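Participant: Please take these sequences and the hints and turn them into a complete structure.
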Amino acid sequence: MPLDELADKGPSSSEEVQLAPSDSKFRSLSPSPIPLPTLPSIRSLVHSVSDESVNVDVAASHQSENGSISTVSSLESERAAYEFLAQTPVRSTDAHLVEFSEAMRTVAKALRRVAEGKAAAQAEAAEWKRKYELETAHKHRSKIKGYSSCINNDLDKLVSQLTLETPTSDQLGCCGKHGICAHEILQDEVPGPIPRSNHKVVGRKASFKLSWGCNGDKNGQHKHDFVSFEKGDITTAERSNKQILLKWESPPQTVLFITKPNSNSVRVLCAEMIRWLREHKNINIFVEPRVSKELLTEDSYYNFVQTWDNDEEIKMLRTKVDLIITLGGDGTVLWAASLFKGPVPPVVAFALGSLGFMTPFPSEQYRELLDNVLNGPFSITLRNRIQCHVIRDEAKDEIVSEEPFLVLNEVTIDRGISSYLTNLEVYCDSSFVTCVQGDGLIISTTSGSTAYSLAAGGSMVHPQVPGILFTPICPHSLSFRPLILPEYVTLRVQVPFNSRGNAWASFDGKDRQQLSPGDALICSISPWPVPTACLVDSTTDFLRSIHEGLHWNLRKSQSFDGPRD
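Counting in full-length UniProt numbering, the sequence shown runs from 1 upward without gaps.
Rather than coming from a laboratory, the hints here were simulated on the basis of the structure. Be aware that a few hints might be false.
To be verified - Subject to a maximum C-alpha distance of 30 Å in a straight line, what follows is the list of computed DSBU-like cross-link-like pairs (lysine-lysine):
(1) LYS131 x LYS510
(2) LYS242 x LYS209
(3) LYS281 x LYS260
(4) LYS247 x LYS281
(5) LYS131 x LYS247
What the hints assert, rightly or not - Between beta-carbon pairs, the in silico distance windows are:
(6) VAL114 x ILE314: 52 to 58 Å
(7) GLU298 x PHE560: 33 to 39 Å
(8) ASP429 x LEU478: 26 to 32 Å
(9) GLN365 x ARG512: 34 to 40 Å
(10) PRO466 x GLN122: 31 to 37 Å
(11) ARG500 x GLN365: 52 to 58 Å
(12) ASP393 x ARG113: 21 to 27 Å
(13) ARG290 x PRO251: 24 to 30 Å
(14) ASP309 x ARG275: 32 to 38 Å
(15) ARG500 x LEU554: 26 to 32 Å
(16) ASP309 x MET460: 40 to 46 Å
Keep in mind that this is a model prediction, so the values were computed, not measured. Even for Gly, the Cβ is constructed at its ideal location relative to N, Cα and C.
Facilitator: And the structure:
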């Protein structure tokens, strides 16, 4: 057989099939998972053999009588070709290629997971940003609608006044700049003999202004905060000695009473205060429907007392009430604040409860104390509230609550009746904070720092410190300590989809809402604080409350007759 035909034929002959299994080196060339380069043909292998072997085969072929290559010479040439193939570094190259390909496959998988995770995180962030912008736009539209209705109402009332030729001394209208001042319209009683409550004319709500006092002085003068950069040094002015003062620009005309239920002493004191304010100060009185029924049952004298019948009238209280008087404990103050979803009038809280961190006024001296408040000026504490929006995963594009939940103390997210740990993901603005695994989480105002947050290990904070308390409830971690975050951040607490159970949110201990996997709670500081009147000033009242209410750092003094230095 000619050499060219043998090379073209390759290892398909029966002789080659018999030789291949006998060669252990050739058997090691097994197929690998990674595609290898195409093996050289037999023709190229034969031509690659050393010149000496080829010359020997050629010489032997010329000595053949019939001019053809003998079988022995052909087999020797083929064996030489395969021995040369076995001597090439194919085995080591194969091993390196397998190892390299496996490493590249691992790296590709890792990069793919990172890319997928980044894309998912970006998509989720974009979705939450869209929902937050939707919520902000919804709130902005509601605010504009409220201002528009307020202006329209004021114009209608002004027209009716001009028709009746009623003189006006102040400019009517809602200033809309902040939630405490009030150049607004209210329903007032007809002066003169005590009429029935359905004879009313248009009156005006009392206006006031806020100022700063320095070191407890009530002169309205104070140092302005400033930052100096002279000669590369940065300095700031002192800020801790300021107290907010409220001064009436016109005398208050209407007072709202909020009382603790099921208390005979509170009911008697409420009737006495209402009579005194009506007879000596000519003040108009609003009370809750429950209190109105109690007063009218006791004496028909109280038929001048006004109340409300539905939620729409509750929303209009802020346009009618100049001052709120609470008779009870901190829970009564919380209930009074919950009636106002927007601006809150100043609150004078009389202590008729248990602890009273927000009720500094003693009821025994109510005449003198109310005289000071009605005449002014007096110190107030602006207590921040947290507004909370519940966002359902099913809703996608809408906010479940038409208006936010407002809390003066705290919002609590807990595991409810579930026996599993609460699993919550917390984000601060666009930053991931932590994953809460425990009984729950408390997001509290500084006013609520002496409530549930304190019981869970949080710090006590002065109520005028601007901040949000972040306190875990029984976390399953030794290093999970409470935080105090700045007031301008927005917190998002989300129940992840891999959570084993639902979570429950409560707002100042009520309005309990279930949070399923995928639901979220958005929390931020409300623009409408609760101004509470101070007996002395904010710091003095706060320290008195923790000393008397909690017996803070109370212990026996060390004896003076012991060892000395």
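Participant: Between GLN365 and ARG512, does the beta-carbon spacing fit 34 to 40 Å?
Facilitator: holds, 39 Å
Participant: Checking one constraint from the list: CA of LYS131 to CA of LYS247, max 30 Å. Satisfied?
Facilitator: violated, 41 Å
Participant: Is it true that the CA of LYS242 sits at most 30 Å from the CA of LYS209?
Facilitator: It holds: about 16 Å lies between the C-alpha atoms, which stays within 30 Å.
Participant: Verify the proposed pairing of LYS281 with LYS260, using a straight-line Cα cut of 30 Å.
Facilitator: Between LYS281 and LYS260 the Cα gap is close to 24 Å, so the pair holds against 30 Å.
Participant: Between LYS247 and LYS281, is the straight-line Cα distance small enough, at 30 Å or below?
Facilitator: Holds - the C-alpha atoms of LYS281 and LYS247 are around 18 Å apart, at most 30 Å.
Participant: Hey, LYS131 versus LYS510, does the alpha-carbon distance stay inside 30 Å?
Facilitator: holds, 26 Å
Participant: That 33 to 39 Å hint for GLU298 and PHE560 (C-beta), does it hold up?
Facilitator: Once the Cβ atoms are compared, 58 Å apart, the range 33 to 39 Å for PHE560 and GLU298 is violated.
Participant: Taking 52 to 58 Å as the stated bounds, is the beta-carbon spacing between VAL114 and ILE314 within them?
Facilitator: Taking Cβ atoms as reference, VAL114 and ILE314 lie about 53 Å apart, which means the hint holds.
Participant: Honestly, do ARG500 and LEU554 meet the 26 to 32 Å range at C-beta?
Facilitator: violated, 44 Å
Participant: How does the Cβ-Cβ distance of ARG500 and GLN365 compare with 52 to 58 Å: does it lie in that range?
Facilitator: holds, 56 Å
Participant: Could you see if the CB distance from ARG290 to PRO251 stays within 24 to 30 Å?
Facilitator: holds, 29 Å
Participant: Using the C-beta atoms of PRO466 and GLN122, is the stated range 31 to 37 Å upheld?
Facilitator: Between PRO466 and GLN122, where Cβ atoms are some 32 Å apart, the hint holds.
Comparing the model with each earlier hint shows violations of hints 5, 7, 14, 15; every other hint is respected.
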